[in-house]
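**Q** Could you put the whole structure together from the sequences, leaning on the hints where they help?
2 protein chains.
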Amino acid sequence: MKISKTEENYLKAIFSILEKGKPSASTNSISQKMETSAASVTDMVKRLAKKKLAIHESHKGVKLTKEGNKIATMLTRKHRLWEVFLVDKLDFLWDEVHEMAEELEHIQSKEMIDRLDNFLGNPKFDPHGDPIPDADGKFATRQQTPLNEFKVGEKGTVVGVRESSTPFLQYLDQLGLGLGSKIEILEKYEYDNSAKILLNKSKEIVITGKVCLNLFLQK
Amino acid sequence: MKISKTEENYLKAIFSILEKGKPSASTNSISQKMETSAASVTDMVKRLAKKKLAIHESHKGVKLTKEGNKIATMLTRKHRLWEVFLVDKLDFLWDEVHEMAEELEHIQSKEMIDRLDNFLGNPKFDPHGDPIPDADGKFATRQQTPLNEFKVGEKGTVVGVRESSTPFLQYLDQLGLGLGSKIEILEKYEYDNSAKILLNKSKEIVITGKVCLNLFLQK
DNA sequence: AATAATTTTTAGACTAATCTAAAAATATAT
DNA sequence: ATATATTTTTAGATTAGTCTAAAAATTATT
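Note that the protein sequences, when read in sequence, are chains R and E.
First residue of the first sequence: 0, per numbering that gives the first Met the number 0; consecutive thereafter.
First residue of the second sequence: 0, per numbering that gives the first Met the number 0; consecutive thereafter.
Treat the hints as calculated values from the structure; they're not laboratory data.
Keep in mind that the hints are not guaranteed to be accurate.
Unchecked claim - In silico DSS-like links for lysine-lysine, alpha-carbon gap of 27 Å or less:
hint, chain 1, residue 1, chain 2, residue 2
1, E, 4, R, 4
2, E, 150, E, 202
3, R, 88, E, 88
4, R, 123, E, 88
5, R, 1, E, 11
**A** This is the structure we're talking about:
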């Protein structure tokens, strides 16, 4: 059965909504992710259901079948491996690679992606710290805590970001914060969740509540 | 102006026909390359003409504009660079890479392809010996002669193939012939253009006229 | 429970890319 | 040069993916 690029993108959108713990993905939430009308979503969801990639009960949202889930997982695998390639081999910055990976993830060959995986040294996480599923679809797990849950005096290493939009990543770059940065909490300002931190044992900076919420660290 | 993947494929098809020295590409020749009906070609050619990528006079075939030519050249550049990547970095065989490169060539980013070029060491020829245009669209040239024009006693090194279909390349592999093979002509059999050759100064083999016609060598 | 607001689906239309069948134009052969 | 064959174009239909506007279903509010 052939699956179009558009269908793949819908599967990914649904997957990303379900990933956040929702029991099913609403038509509206999908239309926002895909930047299309709700009517288009209804049409497409019916097509995915007919192909046994999704389960759709009218007015009750969409889930993925095992097959739909597998396809979305493999798209995620491809996306993240290509991001590693672009950063590690072609020297792009972590905020520059998303769009390119969005295109590259639709390249078919499974053999190619498995070889790419090997070529890159079987990375477990992408340049934003997101886990890369292996060839069987298994995601690596990792002990990680958002910075806002840290207490004064605690230390940790940045291992991921909750949001990987270009502006946010560029802002982190400006601050000198990236994957691998060592952090110690010096002070916390509860009124807006901001904090003063010691960065890489050398520089004191103040970061906003938004940043605290979106940084994942390993203790 | 946005150019669809389909339009890109038509541009490439037209380009490849014109490349063989034809003054213009006929509707029929394009429909054969694209494996579509002649009617579809007429439709598409009109669209390309409207976008100023092709020049079309009814019943008189198609040419490419400077812009159309440039796009086709850049597609060729991308295709061939990706082939080098697949063979040099992911260890695919020269007969396995065409289909994957057909997909990869449609990835947009020019910056990415220029970086890929550098990463690969700015190769001038792809795994089949075809020249890779540089970032400005310039093709490398090379002194090359088809094997059938060689005389008994002459020697040369294989640098390219006229046809790069999977069966032909696999047949060459079976014979132990590839880019870089050293050849000396021992005998020529005029009645069917076959020849007996000395391969890599070690092995005597007989090759058919078809092979002689499709191998390019440097003297 | 009835009404209002929101979400989802249906209906009908549009575009890109394709097709078949028929008509028109060009090329070939007697 | 006329008839035949081939090539190209036109006409009309089809499918995937999209849209807007309206109808239907669900959820929230009084």
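**Q** Under the criterion that the straight-line Cα-Cα distance not exceed 27 Å, is the pair residue 150 (chain E), residue 202 (chain E) satisfied?
**A** 19 Å, holds
**Q** For the pair supplied as a hint, residue 88 (chain R) and residue 88 (chain E), is the alpha-carbon distance within the 27 Å limit?
**A** At roughly 11 Å apart (the allowed maximum being 27 Å), residue 88 (chain E) and residue 88 (chain R) satisfy the hint.
**Q** Please work out if residue 1 (chain R) and residue 11 (chain E) have their alpha carbons no farther apart than 27 Å.
**A** 24 Å, holds
**Q** Do the alpha carbons of residue 123 (chain R) and residue 88 (chain E) lie within 27 Å of each other, as the hint requires?
**A** 20 Å, holds
**Q** Holds or violated: residue 4 (chain E) with residue 4 (chain R), Cα cutoff 27 Å?
**A** 12 Å, holds
Checked against the numbered hints above, the structure violates none of them.
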